[in-house]
Amino acid sequence: MSAPQPDDRYVAKLESAIEEIWDIAQRMGIDPYPVHFELVPSTIMYEFGAYGLPGRFSHWSRGKAYYRMKTEYDYGLSKIYELVVNTNPSYAFLMEQNDLLQNEVVVAHVLGHCDFFKHNVYFRSTPGNMIDKVSVNADRIRKYEYDHGTDEVERFLDAVLAIEEHVDPNTFIKRETDAEREERLRAGEQPQQRSSEYDDLWGLEKRGQQEEDERPRPRRRFPPEPEKDLLLFMAEHAPALEPWQRDILLIVREEMLYFLPQARTKVINEGHASYWHSRIIREMNLTDAEFTAFAQMHAGVLAPQRMRINPYHLGYSILEDIERRWDNPTEEEIAKFGRQPGQGRAKLMEVRETESDISLLRNYLTKELVEDLDLYLYQKDGDEWVIVEKNWEKVRDGIIASMTNFGAPYITIEDADFNGNTELLLRHHYEGQPLDLPYAEKTLEYVYHIWGRPVHIETVFEGRPVRLSYNGEKHSHALLDRTERH
Amino acid sequence: MNPSNRSTISQHDWSLHRKGAIDQERHKKKIREAIKKNLADIVSEESIILSDGKKVIKVPIRSLEEYRFRYDPGRQQHSGQGNGKSKVGDVVATEPRPGQGKGQGEAGDQPGVDYYEAEVTLDELAAMIFEDLGLPFLEEKKQAEMETETVRFTDIRKVGPMANLDKKRTIMENMKRNAAHGDPTFHDIRNEDLRFKTWEPTIRYQSNAVILAMMDTSGSMGDFEKYIARSFYFWMVRFLRTKYNNVKIVFISHHTEAKEVTEEEFFTHGESGGTQVSSAYELALQIIQERFNPDDWNIYPFHFSDGDNLPWDNERCVALVEKLMELCNIFGYGEIREGHYRSSSTLMSAYGKIQDPKFIAVTISDKSEVYPALRRFFATRDAAGIPVSAP
Chain A
257 MSAPQPDDRY
267 VAKLESAIEE
277 IWDIAQRMGI
287 DPYPVHFELV
297 PSTIMYEFGA
307 YGLPGRFSHW
317 SRGKAYYRMK
327 TEYDYGLSKI
337 YELVVNTNPS
347 YAFLMEQNDL
357 LQNEVVVAHV
367 LGHCDFFKHN
377 VYFRSTPGNM
387 IDKVSVNADR
397 IRKYEYDHGT
407 DEVERFLDAV
417 LAIEEHVDPN
427 TFIKRETDAE
437 REERLRAGEQ
447 PQQRSSEYDD
457 LWGLEKRGQQ
467 EEDERPRPRR
477 RFPPEPEKDL
487 LLFMAEHAPA
497 LEPWQRDILL
507 IVREEMLYFL
517 PQARTKVINE
527 GHASYWHSRI
537 IREMNLTDAE
547 FTAFAQMHAG
557 VLAPQRMRIN
567 PYHLGYSILE
577 DIERRWDNPT
587 EEEIAKFGRQ
597 PGQGRAKLME
607 VRETESDISL
617 LRNYLTKELV
627 EDLDLYLYQK
637 DGDEWVIVEK
647 NWEKVRDGII
657 ASMTNFGAPY
667 ITIEDADFNG
677 NTELLLRHHY
687 EGQPLDLPYA
697 EKTLEYVYHI
707 WGRPVHIETV
717 FEGRPVRLSY
727 NGEKHSHALL
737 DRTERH
Chain U
7 MNPSNRSTIS
17 QHDWSLHRKG
27 AIDQERHKKK
37 IREAIKKNLA
47 DIVSEESIIL
57 SDGKKVIKVP
67 IRSLEEYRFR
77 YDPGRQQHSG
87 QGNGKSKVGD
97 VVATEPRPGQ
107 GKGQGEAGDQ
117 PGVDYYEAEV
127 TLDELAAMIF
137 EDLGLPFLEE
147 KKQAEMETET
157 VRFTDIRKVG
167 PMANLDKKRT
177 IMENMKRNAA
187 HGDPTFHDIR
197 NEDLRFKTWE
207 PTIRYQSNAV
217 ILAMMDTSGS
227 MGDFEKYIAR
237 SFYFWMVRFL
247 RTKYNNVKIV
257 FISHHTEAKE
267 VTEEEFFTHG
277 ESGGTQVSSA
287 YELALQIIQE
297 RFNPDDWNIY
307 PFHFSDGDNL
317 PWDNERCVAL
327 VEKLMELCNI
337 FGYGEIREGH
347 YRSSSTLMSA
357 YGKIQDPKFI
367 AVTISDKSEV
377 YPALRRFFAT
387 RDAAGIPVSA
397 P
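Protein chains in written order, with this note's numbering: chain A, 257 to 742; chain U, 7 to 397.
Okay, chain A solo, but in the shape it has when bound (with noise of 0.2 Å):
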């Protein structure tokens, strides 16, 4: 490697400003994870950045993430200051390049990502040692390609990688097991004791429940409840997959369990981290110049963009603006909801235990915030990417409906007995925004590759229902009767 190595007391010097750093956020109120920190030259960043966490399993196409990564840093069209991984302790790496001011706000904002981890409820589940995990993982992948190629397991991860964000997140709720579902069957479901007015509706539903009866039984339906975790269903239920395939299922839905918390809270994560980053370096004792070239930093991150939302931006807006109304409530917000003022750094703690980035936009993007911000939803016509939408009910809720389920398209199992042959139906629920079906189709490969029988997905295309078909051979459509939905 032939960047230059920071000197030992570029080390010292940054061990003594992480302490002080340290001193200000437990004075200031934060409590993160202990913190590792670990100084990468650009290189190693990169590819942390690019497989998310390291020691994580190889493939192709963190290669390419990884290259298209390095080569924007290169040219200088973005730039990693900052890569935390969620463990109790927390490791942070910061870059060897970056000069001691740049890598101090980092150390400030790491902390700030770190208090959120270990305050902030989605990730009350998380595992505190997922890099021992995913270097396991790698280690059993890696044993797989000896075993039966690499070709042949790249193969069957190009597949699973093409649906891994389909999980199931509430990993809060606990599932029931098949024993668990026919005990419960076989006890006649009997009602626990309720009392409260309501009772009566729960006898509407036994009504109903007899009238099913009464009608000829439709075969068992399998999955019994439409299942959205396509990973979990197909490592269990797949006819005909090898024990190692059914593992990496396994693993790359363990993995995206991991980093889904991450997903869901970006916006208020990078928010909270901007915010604690900004408070703690206003206390340390900076020169102007130091002062100034922070503030170009902070500037830089927190930039707004055209065709994106910059979260950092966003959140941090967010949640200045928070503290703002709970600090200075307004007349109508002291006789109203009873807010005294003064309480803006409190509602902020709430807030980062309490939220996700879809709840904290429902509860705290306000009209005052979108058009400060001019926020807008923009679209395609023609050649062009033209705004549509400024009205700012209409924008938040498009922001929200881009970050529901992640971004993707919510798909389902309906049915693992499709046409009583086992072939796989899926059901994408259309909700205004229709499949990009290329893309589509050819995911549909890599369903089949899996399942191993014929695939099929039901989706919503110009207004009319249709059904897209697999069958390892070839693809077709099938424009659907209403009435032939079940």
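Any given hint might turn out to be false.
Listed below are the simulated DSS-like cross-link pairs for lysine-lysine, each with C-alpha atoms no more than 27 Å apart in a straight line [unchecked claim]:
| hint | chain 1 | residue 1 | chain 2 | residue 2 |
| --- | --- | --- | --- | --- |
| 1 | U | Lys42 | A | Lys730 |
| 2 | A | Lys623 | U | Lys91 |
| 3 | U | Lys203 | U | Lys173 |
| 4 | A | Lys399 | U | Lys34 |
| 5 | A | Lys698 | U | Lys35 |
| 6 | U | Lys34 | A | Lys335 |
| 7 | U | Lys36 | A | Lys730 |
| 8 | U | Lys93 | A | Lys650 |
| 9 | U | Lys42 | A | Lys698 |
| 10 | U | Lys359 | U | Lys329 |
| 11 | A | Lys484 | A | Lys698 |
| 12 | U | Lys93 | A | Lys646 |
Below, a sample of chain A positions facing chain U; criterion: calculated Cβ distance under 7 Å [unchecked claim]:
| hint | residue |
| --- | --- |
| 13 | Glu271 |
| 14 | Trp278 |
| 15 | Pro297 |
| 16 | Ser314 |
| 17 | Ser317 |
| 18 | Arg318 |
| 19 | Tyr322 |
| 20 | Ala418 |
| 21 | Pro560 |
| 22 | Gln635 |
| 23 | Trp641 |
| 24 | Pro690 |
| 25 | Asp692 |
| 26 | Tyr695 |
Covered stretches of chain U, going by a simulated chain A footprint (3 or more residues, C-beta under 8 Å) [said to hold, decoys possible]:
| hint | region |
| --- | --- |
| 27 | 75 to 81 |
| 28 | 86 to 92 |
Hints are computed from structural coordinates only; laboratory data are not their basis. Using N, Cα and C, we set each Cβ at its ideal position, and we do this for glycine too.
For chain A, the structure is supplied; the task is to place chain U on it using the hints.
Frame of chain A, contents of chain U only:
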């Protein structure tokens, strides 16, 4: 929290850590595989043929997209942020128009059909296209002007790249050194034990070859015909210049008269008028007689035409082709007929009589047929003239 255990800092030597680079190689390898699969399309890709002097070209590759269930980006609403004065109807971005920037013409205006563009150099691409092809019927001739380089491992040294480590000799050295201290086993391996295989380039002399590239530039050769001939010769020239150090190429363009032209003129100039193919063959014979003695040279005449020859000239052409074949290793004739509905030309039917395996004729009626044509012409053959690498 106790300040001492709330944070630590460290710095390691990462210079041997190459995971990202290794997976990047894997990605590159997949790009090469994908390119190979699509060579028929890529060979006649306009942006490549017309990229004069450009070293790096962009090749669209569909199979390296990371497909997933996603919303149609062209029909989806996206969010962005303005400078405070944005209003409905403002244009935030414009798609690159077809022909500008993007390699593929239609790429811009087809929603959802965007693909990964790999960057490869022309030489890499040429090497892939001609990987298993060679010059057919190459004969040993007297004059040894052409040289090719080969590599042979001939020697052992104490330093060298790890990949060339000679493990057997290294173990022997280690045991020898240990034996000197009274313990002749394999242990405690040190740098001084390492032995590396090393190579020397050896120069092998081969026979000479000259290509007589002939092309019809008459008025009946439309844009399509010229483009096909041009892409064929484009790759042929690349091929010869990458695979051999010293191949001569003579460019002859003809309509009713033939003349020798430079490479640049050959590819860029268009003429008009009728066609008299025999004029080119006569000039070729003349050039052979004057400059390329068949005793010294392997001679490869190639001719591209649309076949619209003056009818009374056809018999003469057949006679000249047969005369040329006596002097040459092969004679390649490529007829470019746009659209399959057109029957083959009178010239082609006249050539039908020629039985010699040295005579190779192909008809190209579509861009995608350039690549198979290249493979037919340059297939390496066994002694009987049967192609070894099937087209």
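Now the hints, each set against the structure:
Taking the CA atoms of Lys42/U and Lys730/A, the gap is near 23 Å; set against the 27 Å cutoff, the hint holds. The suggested pairing of Lys623/A with Lys91/U holds, with an alpha-carbon distance near 16 Å, which does not exceed 27 Å. Between the alpha carbons of Lys203/U and Lys173/U the distance comes to roughly 10 Å, so the proposed pair stays at or under 27 Å and holds. Taking the CA atoms of Lys399/A and Lys34/U, the gap is about 23 Å. The hint holds against a cut of 27 Å.
For the suggested pair Lys698/A and Lys35/U, the alpha carbons sit about 21 Å apart, so the restraint of at most 27 Å is met. In summary, the hint linking Lys34/U to Lys335/A is supported, as the alpha carbons are separated by about 24 Å, within the 27 Å threshold. With a C-alpha separation of about 24 Å, the suggested pair Lys36/U and Lys730/A falls inside the 27 Å cut-off, and the hint holds. The straight-line distance between the Cα atoms of Lys93/U and Lys650/A is roughly 14 Å, inside the 27 Å bound, and the hint therefore holds.
Taking the CA atoms of Lys42/U and Lys698/A, the gap is about 20 Å. The hint holds against a cut of 27 Å. Annotation: proposed proximity of Lys359/U to Lys329/U holds, straight-line Cα distance about 14 Å (limit 27 Å). Annotation: proposed proximity of Lys484/A to Lys698/A holds, straight-line Cα distance about 20 Å (limit 27 Å). Distance check on the hinted pair: Lys93/U and Lys646/A sit about 7 Å apart at the alpha-carbon level, within 27 Å; holds.
Against a cut-off of 7 Å between C-beta atoms, the interface hint on Glu271/A holds, since the closest Cβ of chain U lies about 5 Å away. Because the closest C-beta pair between Trp278/A and chain U is about 6 Å apart, less than 7 Å, the hint holds. Checking Pro297/A against chain U by beta carbon gives a least distance of about 6 Å; that is within 7 Å, so the hint holds. Look at Ser314/A: its Cβ gets to within about 5 Å of chain U, closer than 7 Å, so that hint holds up.
At its closest, the beta carbon of Ser317/A sits 6 Å from a beta carbon of chain U; the interface hint therefore holds under the 7 Å criterion. The closest approach between the C-beta of Arg318/A and any C-beta of chain U is roughly 5 Å, which is under the 7 Å cut-off, so the hint is satisfied. Hint status for Tyr322/A: holds, given a least beta-carbon distance of 4 Å to chain U, under 7 Å. Among the interface hints, the one on Ala418/A holds; its C-beta lies about 5 Å from the nearest C-beta in chain U, closer than the 7 Å criterion.
For Pro560/A, the interface hint holds, since its Cβ comes within 7 Å of a Cβ in chain U; the closest pair sits about 4 Å apart. With a least beta-carbon distance of about 5 Å to chain U, the hint placing Gln635/A at the interface is held under the 7 Å criterion. The restraint placing Trp641/A at the interface with chain U holds, with a minimum CB-CB distance near 4 Å, inside the 7 Å limit. Look at Pro690/A: its Cβ gets to within about 5 Å of chain U, closer than 7 Å, so that hint holds up.
The beta carbon of Asp692/A is positioned within 7 Å of a beta carbon in chain U (closest approach about 4 Å), and the interface hint is therefore held. Below 7 Å, beta-carbon pairs count as interface contacts, and Tyr695/A has one with chain U at about 5 Å; its hint therefore holds. Closer than 8 Å: that is the beta-carbon criterion, and the region 75 to 81 of chain U has 7 residues meeting it against chain A, so the requirement of 3 holds. Residues of the region 86 to 92 of chain U with a Cβ under 8 Å from some Cβ of chain A number 7, which satisfies the need for three, so the listed coverage holds.
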